[in-house]
Amino acid sequence: IGIDQYSDTRFTQLTFARSDAEAFSRLMDRVGRDEKYYSGAPNIVMLPDARATRDSIERAIDDMAKLMHPRDTFILFAAAHGTSQNGRFYLIPHGFRSGPEALDQTAVGQTQLQEWLANRVKAQRVLVLLDTCASGALVGGAERSRVDVPASEAAVGRLHEATGRPVLTAAATGKGAAEGYKAEERLFDELVLSP
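Its first residue numbered 11, the sequence shown is counted upward by one per residue in the working numbering.
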């Protein structure tokens, strides 16, 4: 999933989400075809921009689940907007419309993601990569990422216990995920070089 363009004007248009998802897809295709690790071609579903609606994401999960075997590897990569409310993570899909019940009605909520990972995805090897703001809420809402290792490890452990699936997130609960080289450089300076 890679979403740069949003129709809801409350969201800043992103620059690198789609290209990151496309690059990740190409890499997984190359690795998945390596006979040292896997047999057969990988099944990659790319959902860029307008193709990444809440319904199309669920449909893609369902379609893949029908083809999946326990011996398979499943990787969910999402680069998009995300938010948290009351400690719960929400992936903001294309077609999101703001309003009083918007998160529950048009976003992909934490409950939905956990249900997919725990009950629909049959693969024994699963990895979830969320490059969104506030994605840390999915793993228990660690207040600080990268710096507070014990809290992050405990949160990942809680999600792993709930779904059996490891998750890597770009930002802690309520925190933004920086986009672009200069933003990453600034984040590195803040985390590593500050006293």
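In case anyone wonders, no lab produced these hints; they're calculated from the structure.
Incorrect hints may have been included.
[To be verified] Derived lysine to any residue pairs resembling SDA-like cross-links, with alpha carbons at most 20 Å apart:
1. K76 <-> D114
2. K132 <-> T116
3. K76 <-> S66
4. K132 <-> N53
5. K76 <-> K46
6. K132 <-> L113
7. K132 <-> A70
8. K76 <-> S49
9. K132 <-> R61
10. K132 <-> A33
11. K76 <-> S17
12. K76 <-> P110
13. K76 <-> R64
14. K132 <-> F26
15. K76 <-> E32
16. K132 <-> T83
17. K76 <-> Q124
18. K46 <-> Q134
Please read all numbers here as calculations on a predicted model, not as lab measurements.
When the hints from earlier in the document are held up against this structure, which numbers fail? Violated: hints 1, 2, 5, 6, 9, 10, 11, 12, 14, 15.
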